[in-house]
Every structure is written in C-alpha cells, then in structure tokens.
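Chemist: Each chain is listed here by its residues.
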Amino acid sequence: MNWLRPAVVGLAVRSKLAGIGEATRLFFQLIALAGATFGRLRLVVDQMFFIGNRSLSIISVSGLFVGFVLALQGYYTLQRYGSAEAVGLLVALSLVRELGPVVTALLFAGRAGTSLTAEIGLMKAGEQLVAMEMMAVDPVKRVLAPRFWGGIVAMPLLAAVFSAVGILGGWLVAVVMIGIDAGSFWSQMQGGVDVWADVGNGIVKSVVFGFTVTFIALLQGFGCKPTPEGVAQATTRTVVMASLSVLALDFVLTAMMFSI
Amino acid sequence: MQKSRHDVWVGLFVLIGAAAIVFLALRAGNLLNLNFGETYTVVARFDNIGGLKPRAAVKSAGVVVGRVESITFDGKTFQARVQMQLEKNVAFPKDSIAKILTAGLLGEQYIGLEPGVDEKVLVANDTIKQTQDAVVLENLISQFLYSKAAEPAPAAGSGAKK
Chain A
0 MNWLRPAVVG LAVRSKLAGI GEATRLFFQL IALAGATFGR LRLVVDQMFF
50 IGNRSLSIIS VSGLFVGFVL ALQGYYTLQR YGSAEAVGLL VALSLVRELG
100 PVVTALLFAG RAGTSLTAEI GLMKAGEQLV AMEMMAVDPV KRVLAPRFWG
150 GIVAMPLLAA VFSAVGILGG WLVAVVMIGI DAGSFWSQMQ GGVDVWADVG
200 NGIVKSVVFG FTVTFIALLQ GFGCKPTPEG VAQATTRTVV MASLSVLALD
250 FVLTAMMFSI
Chain B
0 MQKSRHDVWV GLFVLIGAAA IVFLALRAGN LLNLNFGETY TVVARFDNIG
50 GLKPRAAVKS AGVVVGRVES ITFDGKTFQA RVQMQLEKNV AFPKDSIAKI
100 LTAGLLGEQY IGLEPGVDEK VLVANDTIKQ TQDAVVLENL ISQFLYSKAA
150 EPAPAAGSGA KK
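From first to last, the protein sequence lines are chains A and B. Numbering that gives the first Met the number 0 puts the first residue of the first sequence at 0, with every later residue one more than the last. Numbering that gives the first Met the number 0 puts the first residue of the second sequence at 0, with every later residue one more than the last.
Where hints are given, some of them may not hold.
What the hints assert, rightly or not - So the derived label-pair ranges between C-beta atoms look like this:
hint, chain 1, residue 1, chain 2, residue 2, range
1, A, 175, B, 74, 51 to 57 Å
2, B, 14, A, 180, 48 to 54 Å
3, A, 3, B, 6, 39 to 45 Å
4, B, 100, A, 18, 37 to 43 Å
5, A, 37, B, 74, 50 to 56 Å
6, A, 176, B, 46, 47 to 53 Å
7, A, 80, B, 46, 27 to 33 Å
Claimed, not checked - Over 10 Å on every C-beta distance to chain A, these chain B residues come out as not near it, computed from the model:
hint, residue
8, 6
9, 28
10, 50
11, 51
12, 68
13, 71
14, 73
15, 75
16, 86
17, 92
18, 114
19, 123
20, 124
21, 136
22, 150
Derived by calculation from the structure, the hints in this document are not laboratory data. We put the CB at the ideal spot given by N, CA and C, even for glycine.
Bound conformation, chain B alone (with noise of 0.2 Å):
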C-alpha cells in the first residue's frame, strides 16, 4: 500500500467522527445504562394501559429492574397483553402487583413493580396476577362530575331532610 500525506489527517479525521458517535451514544444517549445482561420474561394483563409504550422502564422502589419489551392486545380477554423483560438477577415474588405509574404529572407512563410476600418467585413465563390500570384523566374526572352530581346540593339537600 502506498503511503498518501493525506493518511495522517484521514485518519484524525475519522476518529474524531467516531469519537463524535460513541460521545451520542454515551453521553446523549447513554448505551451503558442499556442492559446487555441477561434477562427474563414476564407478562402481566391490564384493562388500560393508558399511554403506556414498548421500552417504557419498569422500575421497583424507582430503580430500573427492566424494560416493556412488547404491548399487545389480547382478543379473548379484551385486555392488553404488555411483556416486559426483568433483570436475571432479581427476583420478585409470584404475588408481586405491576401498577401503570406516571412519572411526574404530565410525564412518561411506567410499570412499577410492587413486591409481595410469597415465598416463591417469577420465573421466566410467568404472569403477573395482580394489576393496576392506567389512570385515565378523562374516568377520573367523569367519576368526580357524578360524585358530585350525585350528592345533593348542601342547602337544597338539608331543607328536604326537614
């Protein structure tokens, strides 16, 4: 191979576009929190997912134990079927309750993962029995309009009484 003077400044040239690269991945978008570990699967049922997504986090007591890794809808139960994958090395117990968290008020939706007290643990496959669904803004303030319409009114309410 014949020696070019342009080799040295190429080659700087390169490796500042691969250092560049590895700085997005890294620093921006931070490949080393990804898990490259080995993982198990596990299944949990909802009613409502609300805005829940695949690679949403899956944390416990707000540590990152995993990632949703598939959102499907089951047609024989009418719920969404959301998969996600665990950590190998943690283990929840079998009654543990997956719950559809907000971060912040208007922020991501995540699963929270409560630990139960039975002495045997998910294995891969397993599915988690217990579920909380989405908060729906929308249920939520339709609940409170009816709470409220179906209360009577404090004056009107105590003068019928009488």
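Isolated chain A (complex conformation) (with noise of 0.2 Å):
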C-alpha cells in the first residue's frame, strides 16, 4: 500500500497542483501578449500558413465526405416519412452546430496540434529554447504567442470551411445524385437554420476549440521531457487531451447553448 502513505499523496497533490498553476499562468501570460503579438503580425501570419493554410486540404476533403455521408444517411431515414426535402436542413444543422467545430477541432489537434507539439519539444530538446533566454529573448513572447494566436484566428476559419463544403457535399448527393428538388433543399435549409442561433453559436464554439486545441498543444511542447522519449510523449499526449477536451467542451457548450 504504498500509495496510501500520506508522503506520496502529498506528493502527487503538490505536483498536479504545480501543474495546473504553470499552466494557468503560460495561459494568462498567452492572453496578455495579445497586444505585442498582432503588433508582429509577421509572425502571425507564417504560423497561420503552417497552421491553416496546411489544414485546408484535409479539412475541405474531410468536410466533403462528410457532407456526402450526411446527405445519403438523411436521405434514406427521411424518405421513409416522406419528408426527404429536408434532409437539406438536416446537413446544415448538423453541421453548423456540430459537427463542423467538433470533426475541425479533432482534424486540427491531429494535423496542427501534434506538429505545434513536435516542434516546440524539439526546440526545448535542441536547447533552442534556453539559447534565447540567454538573449534575453523570451520565448514565450518570441515563439509561443503566435503560435497560439495564429490557431485561435485559424480554427473558426476552418470550421466555416469544413461547414460550408459539408454543405457542398450534401448538395451534391442530395440535389445532383439523389435528385431532390433544389428549391425545396435549400428553402427547408434557410426556413431552418438561425443565423445567430446555429451559425454564430457554431463559430463561437469553434474559437472556443481553437483556445482549447492550440493551448494544450503549446503546454504539451514547452512542458515536455527535452529528450526523443519525451517528446514522442508529448505529441501522443496532445491528441489524446485536446480530442478528450473538445469533445467533453463541446457537451457544455451545447447544453448551454442549445438546451432551450
């Protein structure tokens, strides 16, 4: 029963407590350097092509089959009501309100994350990191915040993609394949589907998992074991958490956003 002696309970508390505080305060400091960072939006701008402009590609054809899958799986259980007009409305809901955020958010901490992790734990195994303390460089302000602010800005972005060719895609099999009447498809879908209520909530929760995503990517990478082990460790960890966060996130959000 060794881990029942009050040392090693003590210990463990002590360690998660530490934890959770370094994390707590590279997040303030992150918000804080909101300002000094878009003032370099250089910098912003290369991690928003590594992060963003690297995604589109997975994110658009994600989004497509998506859509496609949405649209047959609709189309077979409405028809049986007779009411296969408004598996338009189904796609657009589902996927303004759901699945556009929550599939982005885990595409992103597997494509964008992992490779945000990867690099920072290599550049605190390389001993990159201390070189620009030593410069008097802070690396948090130098490397971190746009990072960190170049996802925030690029998530919503690529939600409202992977939502909008979802659309697409649905379209696609709905109208074009299936042949339902396009009016019809796209008036269920406007009649339907609030621009504030869905749309606007949908993009606020994808910058919620953009923060999410972005944030435990960057912890996992500064917070890592400077050696190969450690950053494998790291990497592994990152998905793992922000998949588990976002989806945990996003069960709040919706309760608290759709619940009425």
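Join these two chains into a complex; the hints should help.
Modeler: So this is what it looks like as structure tokens:
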C-alpha cells in the first residue's frame, strides 16, 4: 500500500497543483501577449500559414465526405416519412452546430496540434529555447504566442470552410445524385437554420476549440521532457488530451447554447 | 511592415474562410430575409400557445410580416402574453385576429394574422383583442371521445326510444 502513505499522496497533489498553476500562468501570459503578438503580425501570418493553409486540404476533403455521408444517411431515414426535402436542413444543422466545429477541432488537433507540440518539444530538446533566454529573448513571446494566436484565428475559419464544403457535399448528393428538388432543399435549410443561434454559436464553439487545442499543444510541447521519448509522449498526449477536451467542452457548450 | 512570402497564401486562406462564413450566413442561414428594417411591437394574449417559440414567424396570407419577440406568462389573467414585432410598412386594422397555426401536420407553430375591417390600424404597443389559441391534440382527442361517449349507441338508442 505504497500509494496510501501521506508523503506519496502529498507529493502527488503538490506536483499536480504545480502543473495546474504553471498551465494557468502560461495561459494568462499568452492572453496578455495578444497585443504584442499582433503588433508583429508577420510572425502570426507565418504561423497561420503553417497551421491554417496546410490544414485546408484535409479539412475541405473531410468536410466534403462528411457532407456526402450525412446527405445519404439522412435521405434514407427521411424518405420513409416522406420528407426527403428536409435533408438539406438536416445536413446544414448537424454541420453548423456540431460536426463542423467538433470534427474540425479533432482534425486540427491531429494535423496542427501535433506539429506544434513536436516543434516546440524539439526546440526544447535542442536547447534552442534556453539559448533564446540567454539572449534575453522571451521564448513565450517569440515562439509560443504567435503560434497560439495564429491557431486561434485559423480554427474558426477552418471550421467555417468545413461546414460550407460539407453543405455543398450534401447538395451534390441530395440534389445532383438523388434528385431532390433544389428549391425545397435550400428553402427548408434557410427556414430552419438561424443565423445567430446556429451559425453564430457554431463559430463561438470553434473559437473555444481553437483556444483549447492550440493551448494544449503548446503546453505539452513547452512542458515536455527534452528527450526523444519525452517529445514522442508529449505529442501523443496532445492528441489524446485535446480530443477529449474538445468532446467534453462540446457537450458543455451544447448544453448551454441549445438546451432551450 | 516586412513582407513575407506567406502573405499571399494566408490572405487567400482568410478570404476563403470569410467566404465560407458568408456562405453559411446567406445561403444556409438566410441572413438576407432577416428583417433589419424598422418594426413596431404589438401584443396578443392567448389562453394556450401550444408549442409557439420566440422568433417564430408572424404570417399574414402566408407571407412573413414579422416575428415573435417574447412570450411571457401574465400572472393576473393567467394568459400567455406574446409580444411580436411587425414590419413598419405593413399596417393591420385594429380588429385583426391573431391565430396560432401549425405548418403542416407536425410542423412549427406560427402566428397567423387575419386582417379585420376597422378603419383604425394597430400602432406600437397595441393589443390584438381577438385571438385564437393553439390546437392541442390531447384536448381534441378528449373532446372527440366525450362526444362519442355522450351520444347513445345507434342500436341501443333507437330501441330505448320505442
């Protein structure tokens, strides 16, 4: 019963608390650096290129196929009730409210989050971060903050692209392939999707997920052990933690936004 | 500001993202049909609003002329107080009737306005006097069952009279 000894429990609690404290401190540091970061827009633009542009292909292809599948599945169910035209509404609502932000965040964690963690972890392992500090350059300000804000700007845009491409994919399957009337496809969608309650809340969700995924990726990279195994573990933890946080946060946000 | 070789591509990315948001707002969400024009508020009281929700459409002759703004419970009259915003360019007579109708068999509920014949028109903060409640399916069924139970069975009834 080694783990029951007070000293062991105390050490575990203390180190966990220290970890939470460090994470919170880093988070507020990054938030406070917003002004300074956007003052050097070139750094943010470069990060947005690596985080955003490079993710555009996987996001749009996934969006297209998710739209295809939603339209097919929705059609098979809805046509039993004689309301196949509502498939446009089904595709649009599921994409804009849930799948757009969530699937984009999961892909974003896999595509951009891992590369952020690995990059910063390797910088740490190569003692580049220490070298920066020696030259009186704050690595949080120079390395982490541009990546953080670049990710936060890129994520809602990617989610919007995902939803838009998904709706076009749904249109391709429902209207072009199955032959549902195009007019009622769009009008049902427009009748049921509310700009503020659905599209707006979807964007709010994707911003929150952008914060979550980017921050977890940076935190793992910044706090990893500076060894090859440490970087590998941190990269894995980024994907696991970011995905779980996104799914849990999504439940909380949905309960808050759409419960009434 | 220094130029970066990524500027063009990031600019394109931001433009694509913005275009996607605009597409979602206009094509899927129909932002253009939202009324940003001026409106005026009228109030109607219903004994039962059924499943009416805020932001439901107010239609007259099938055309959307406004939206439900808020629904509150009036503790004095025990009625639902529905506040709705009508477009400024449409004016309804004072004795118009507000009905809660359902789109299709299971569709969303909306308010139908039937114009009356009064010379005077509704102005801001007026109350629509004549209203018709939502049809509650359970009440309909129980009415039907009671009326069935009340009328005597055909064979037994005719036998009793003779």
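Chemist: Any of the earlier hints contradicted here, and which numbers?
Modeler: Hints 2, 3, 4, 8 and 9 not satisfied by this model.
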